[in-house]
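Engineer: Just need the whole structure built from these sequences, with the hints factored in.
Spelled out from the first residue to the last, the chains are:
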Amino acid sequence: MRKLIDAPANQQTGDVIGKSQPHESAIRQVTGQARYVDDYVVPMGTYHAAVGLATDTRATLKGLDLEAVRQSPGVIDVITIDDIPGQRDIAPVFDGDPILVDGEIRFHGQPLFAVLADTHRHAQQAATKARVVSEPLPPCLSVSQAHEQQRFVRPLHRMERGDWQAGLESSQHIASAHLSIGGQEHMYLEGQVALAIPDEEDRLLIHTSSQHPSEVQKLVAEVLDVPLNKVVVDMRRMGGGFGGKETQAAQWACLAAVLARRNGRAVKLRLPRAQDMQATGKRHPFENGYTVGFDAQGLIQACHVDISGNCGISADLSDAIVDRAMFHADNGYYLGDCLVEGHRCQTNQVSHTAFRGFGGPQGMIMAEAMMDRIARTVQQDPLSVRKRNLYDADARSETHYGMPVGKPLLADLIEKLEHSSDYWQRREAITAFNQGSPVIKRGLALTPVKFGISFTAKHLNQAGALVHVYTDGSVQVNHGGTEMGQGLHTKIAQIAANELGIGTDGIEVTATRTDKVPNTSPTAASSGTDINGKAVQNACQQIRQRLAEFYAASVNGDADTVVFSQGRVQCNGKSTTFQDLVQQAYIGRVSLSASGFYKTPKIHYDRDTGKGRPFFYFAYGAACSEVQLDVLTGEYKVTRVDILHDVGNSINPAIDRGQIEGGFIQGMGWLTTEELRWNADGKLDSNNPATYKIPAIGDTPAIFNVDLYPRANDEDSIYHSKAVGEPPFMLAISVWCAIKDAIASTADYRHDPDLNTPATPEQVLWALKSLEEPS
Amino acid sequence: MISFLLNQQQIDITQIDPDTTVLNYLREQCHLTGTKEGCASGDCGACTVVVAEPSDNGKEPLAYRAINSCVTSMGALHGKQLLTVEHLADGQTLHPIQQAMVDHHASQCGFCTPGFVMSAFALYHQHSNNTNRDAVIDALSGNLCRCTGYRPIIDATLQACQQRQPDKFTQQAEHTRQALLNMQNQPGNVPGLYRPTTRSELAALKAAFPDATLVAGSTDLALTVTQQLGTLGDVIYLPSVVELQRLQQTEDRLIIGSAVPLSTLHPWLVERIPALAELFQRFASLPIRNQATLGGNIANASPIGDLPPVVLALEGIVVLDDGTEQRRVPASDFFQGYRKTALLPTEWIDSIEIPLPSANTVIGAYKISKRHEDDISAICAVFALTIEDDVIRQISSGFGGVAATPVQAKTLAASLQGKSWTDKQTCEEGMQLLRVAFSPIDDVRGSADYRKESLARVWKRFWLSHTPGNETLPVRVIEHA
Ligand SMILES: Cc1cc2nc3c(=O)[nH]c(=O)nc-3n(C[C@H](O)[C@H](O)[C@H](O)COP(=O)(O)OP(=O)(O)OC[C@H]3O[C@@H](n4cnc5c(N)ncnc54)[C@H](O)[C@@H]3O)c2cc1C
Ligand code: FES
Ligand code: FES
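Top to bottom, those sequences are chains A and B. Anchor point for the first sequence: position 93 equals 93 in UniProt numbering, and the numbering is continuous, going up by one each time. Anchor point for the second sequence: position 11 equals 11 in UniProt numbering, and the numbering is continuous, going up by one each time.
These are computed hints drawn from the structure, not numbers from a lab. Treat the hints loosely; a few may be bogus.
[What the hints assert, rightly or not] Below, a list of computed lysine to aspartate or glutamate pairs in the EDC-like style, where the Cα atoms sit at most 16 Å apart:
no., chain 1, residue 1, chain 2, residue 2
1, A, 683, B, 443
2, B, 419, B, 390
3, B, 410, B, 325
4, B, 419, B, 442
5, A, 683, B, 442
6, A, 574, A, 549
7, B, 452, B, 429
8, A, 769, B, 449
9, A, 407, A, 715
10, A, 218, A, 515
11, A, 637, B, 134
12, A, 218, A, 202
13, B, 168, B, 86
14, A, 19, B, 103
15, A, 19, A, 505
Structural biologist: So, in C-alpha cells, the structure goes:
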C-alpha cells in the first residue's frame, strides 16, 4: 500500500482530547430530566399562542374575518401583520419573509395571523376558525415553471474554467442526463417552539429552540422596534435542528414576543407537527442536468452542469445553498474544462432553507451520477472510473472555482476502504449471485465525499466565548454555538478541560445566551466546534497565561514552563492543585474570567470571477454500500455499509462516529423513503410522519462498519480535528448508486438507469421497467 | 373512578375530560415532562410510556407493554401501572437500560431518548432468554430517532437485554400486582367515560348513551382529538368487556374477540395461519399493536387497513351484537362503501370468525409500503387458494389500497378456477387480471399505476413462492419470521 502522505505532527494534547466522553447531557436525557423549551416551568399566567395558516397557494388577501377566532373559548388576543409594532419582514439576508401574510398569500400554509389563548388546545382550536376572503392568483409550482416565467429569488451565478464547449466537442464520448432531486423535511423530533417572557418595561427574555440565538435576538428587537440590548435570548438545547432551526426558528419567537409585549404575559408558541411541516422550509428540491465529455478510459474531458434549486417563495439562505451545490458539483473529481451554472428558482412553496449539507448533496450527486453513466458507457466498474477521475497532485489539482485541493487524500482513503470492505471480492460474488437469482438482485457501490468546510458568507466565520473560573476551581464556559445533539458542548468541555489541565467534570457548559457572547454566527456549516472551540481555547489560554504568570512568580519560575495537567499545576519543581492556585490568584487580584475570539483564516471568494478559496479545508470520506433489491416490487434493503471517514484528529471518537452514522442514515432517508409530495394545487400532502417516512430502526444496515481515517488536519484547526456535522450525510449517495447497480444488473450492466430521488420502491420499479422494455 | 398507579403512587380520578390523552395528562397535569410530544399521532414514539398489568400467563406477576401515550385514552389506565421515564432509575443508579444507552452513546439531541428507553424497558421485561437483533428492532419499531442512525440504540438495548438482572420493578412486582388487582375490582367509570366489564353492562350503557363513541385501542380515534382538534363526546371503553377479549378455536373456526390487542392476537393467529406473519409484523409498530384491535380495524373500514383484506380473503364473518341479538355478517357484505359498514348504530362488533383453512389451501399475504416498519400500505394483498392435484378449486382474495373500500378480486376466481396452478400461464393471466381489476388513485403512498403494477407483481411473487421448483428461489428482501 502507498505510504501515508506525511501528516502534520500531532499537537500535544492531554488525555481528555480524543477520549470518547459520553454526551454531557446523556444521563439527563435517559432519565427524562433534560429540559427542552416546552418542558420549562413557566411563569405564572403563561398564555399559549397558535398560528392560523393560509389554505391558498397564491392569492390576494381581500378580507380576514377573525370574529369567530376572537369568540372562540379561551381566546385573549389575535394579531395580524398590522399589529406588528416594528419591522414586518424577518428575512435573514435578503428581504421577502413577512412575519405574517402581508397582502398576498404566497404559499399554502403561510401563517396569516396568530392567536393567544389560555391553553394550547384553545389556541389551536381558535386558529382554525378564521374566514378568509381571497382572490386566487396563478401559482408557480415547479422549477420548470419558474424558468418559463423567469422567476428567480436571486441572480444566476456561474463558475467556469477553460473552453468547455470545445472540450465537449472534441471528447470521444458524450453523455447527458437530467436528474430530479427531492427535497427533505427536517423532522427534528422536537418541533419549533419559543417562550417569550416579558421583563420590566420593554425588556424581554426569549427561550427558543434555535441554531441562531443572535438572529432571534435581532429579529425580535426589530419586530418590537427596540434596541438589541433590550432582548436576551437563551438557548440550552434543541431536540434536533439539522438546519431547520437556523433561520426558521425566528418567526415563532417573534410572534410570541409581540404577543407577550401586548399582553404583559409570558407566551409560549409551539407548532403542532403538521403545521411545522407545512409552515417551515425544507431541503431544496433541485432539477439538475449534466453534459459530460470523456475519453475511452472514462476520464472526464469537459462538462456542463446546470443546477436549479427550488428555493420556494423567498431567498432565505438560497443564494448560499445553490452556491454550495455548485461548489460541490465536482465532489472529488477533476471536471476538466467546465461550466457550472446555478439558478435560484422562485416557486409558491414555503421558503426552502438550510439542511445538513446545505446544497452540497444536491450538487455532489451530479458528480456521482456522471461517474455511473461514464462507467456503463465505457463498460468499466464504476469504482475504477471514480478512481481514475480523482483530483491528483499535478495538473488536475484545482477545483472549478480555482481552489487548490491540496494533498489528494481521497485516493488513499478509497484504497483503504476498498480493502477493508472487500470491494472486489464482493463485486465478484454479487455478479455470480445475480446470475442465479432472477427476483432478488444485489447491488454494490463505493462513493467518496469531499466537502468544503467554512461558511461561504465570509463574515460568519467568527466566534466568541466567555470563560469564568470560580474560586472553588470550577469553570463555566459559554460560547456562541448551540447544542442540538451534535455533541458540541461535550467537545467544548473537553477543549476547556484540556487547556486548563483539569477534568471535564470541572467544566459546566451553559446555555447559549446573547448576553454572554454577543453577535454570534449560527451553529451551521459544520463549523460549531471549529470556530467556537478555537474561541474557547483562546479564552482559556488567556486565563491560563495569567495563572501561569502568577504561579511562576510565586515559585520563582518561568511562566512559559508552567504545566497544567490533571488538576495540578507545576513549575520549577513545585506543584499545587488547580483549585488552590485559583484561590491564591483570586486573593492576588488576578482576573479569572476571559472572553475569547476566533476568525477563520485564509478564506476568500470573488463572486465576479467565480474564483477563490471559499473553504478553509476539505473533509473527506467514502462509503461502500450493498443493497438487495426485489425486481418484482422495487422494494429493497441496505444490507451492509462500510465507511471510512476523515475527522482529522478526533476530539471525541464516539461523538464523531455518532455524527457519521446519523448523517449517513439521514442521507439514506433523503435518497430513499423520504418523499415530499405537493398536490396539483401546491398543498403539501406529506405533512405528517404518517405520510412522510424517515428511516426507522429496521432500516439501519445489519452490518454497519465505521472507521475514522487516522490523519491530522493539515490546517491549524482546533487540535487539527475536522468538522463532521455535514460531510457524512453525503456518504449515503453510495446507497443510491448501489440501487442503480442492482437495477443495472438486470440488463447485464450495459445501461445506467435513470433514477430520480427519492428512489422509493415505486421509482425503482419504473427504473427496472425501463430496462425491461428498452424503448 | 379511574384508579391506577402512576409509577408508585396511586391515583384516583373522579373527573376528567374524556378527550384527555395520557400524554397531556402527564405533561400538563402531572408536570412529568420527561415524556415528550413529537407528533401526537402515534407515529414517532417520543411519548412512549409503559403500562404494567397483572399477567395471566402464570409465570410473571406483571406484563409490561409499551404504548404511545399521545393516542391513549385515560380509560385505558384503570387497574394498571403507568410507568414513565422519570421513574426507572433506582435513586442515583440508572436502570440497566438507561446505563446501556449512556455507555453506547445512544442519545444525541435526546428528544427521542425517553421513548426509546421506555420501549427498551418493556422489552427488558419480556423475560425472553434469546433477545436478538430482530426482537430489538420489533420492540423499537415505533420509535423514530432523527439523530443517531439507531446503531448505538440497537447495541445498547441488545446488551442490556442479554444481561438481564432483576430490577426494582421485579422486586415490587407481587406487591404491585396485588394493588392492581384490587383496583380492577372497582368500577372504572367517570362521568362521560364508561368502562363496562360485561356484555350486559355494555348493552345498558349503549342504551343509556346512544351517542357515545365506542373506543377500543383509540389508535384511530385519538387522531380526531389530537389532529382534527375535535371531541369524542361521551366514551364507552370496550377493551374492559370480558367477552370482547376472547381468543377461541373451535373445530372449524377461529373466534377473535373484537377488542383483543393485535400484539396478543399476533402470535396466536400466526401460529395457526403462518402466512399472516408479514402483515402483523408490518402492521404499524409494536406500541400501536399493543393497543390497536381487530374490531377497530374492521369497524374503521379504511380502504388502506391491513386486516380487512385478511378477513375478506379468508372469508371471515363479522359478528355484530346489540346486547340482545347477534348477527353474523360475511366480511364481503360488511364493507359497504367508503368507511361505510353494515354496523348499525345500536350495535358493536363482538368478534370476527375465521374459518380454519383446509390442508390444501395456500395463503399469501403481502404489504407494500415505502418503509418496512410502521408505514401504511400502498397496497395490501391477501390470496387464499385451494388446490387439489394442481387444479385450482377455489380462489378468494382481499386487497387494500386499490379502491374506496377493502375489496376482493372476483375476476381472479372466475378466470382461474379449474386451471392448473403450476402452469406459467396461470401466473401470467393472474397478473393481467390484477393489472386491470381496480381503478386505484394517485396519492402520497403511490401512484395508481404503481398500485396496479405492484398488485400484479405480488401475485407473481405468490405464484413463485408456491410452485414446485421455485420454493428455494430468494424472493424477499426481508424475511418475515
Ligand atoms: C401510527 C399508526 C400506525 C398505523 N398503522 C396501521 C397499519 O399499518 N395498518 C392498519 O391497518 N392500520 C394502521 N393504523 C390504524 C389503526 O391502528 C388501526 O385501524 C387499528 O386497528 C384501530 O383499532 P383501535 O382499536 O385502535 O380502534 P379505535 O381507534 O378505538 O376505533 C376505531 C373505530 O372503530 C370503532 N370500533 C372499535 N372497536 C369497535 C367494536 N368492537 N365495535 C364497533 N366499533 C368499534 C370505533 O368506534 C372507531 O370508529 C395505524 C395507526 C397509527 C396511529
Ligand atoms: S408523540 Fe409521536 S407517537 Fe406520540
Ligand atoms: S437523539 Fe435526536 S432524535 Fe434521537
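Engineer: So, for every hint listed, does it hold in this structure?
Structural biologist: We went through each hint and held it up to the structure:
| no. | hint | result |
| --- | --- | --- |
| 1 | 683/A <-> 443/B | 13 Å, holds |
| 2 | 419/B <-> 390/B | 8 Å, holds |
| 3 | 410/B <-> 325/B | 32 Å, violated |
| 4 | 419/B <-> 442/B | 34 Å, violated |
| 5 | 683/A <-> 442/B | 15 Å, holds |
| 6 | 574/A <-> 549/A | 14 Å, holds |
| 7 | 452/B <-> 429/B | 14 Å, holds |
| 8 | 769/A <-> 449/B | 12 Å, holds |
| 9 | 407/A <-> 715/A | 11 Å, holds |
| 10 | 218/A <-> 515/A | 12 Å, holds |
| 11 | 637/A <-> 134/B | 15 Å, holds |
| 12 | 218/A <-> 202/A | 14 Å, holds |
| 13 | 168/B <-> 86/B | 14 Å, holds |
| 14 | 19/A <-> 103/B | 13 Å, holds |
| 15 | 19/A <-> 505/A | 14 Å, holds |
Of the numbered hints listed earlier, those contradicted by the structure are 3 and 4.
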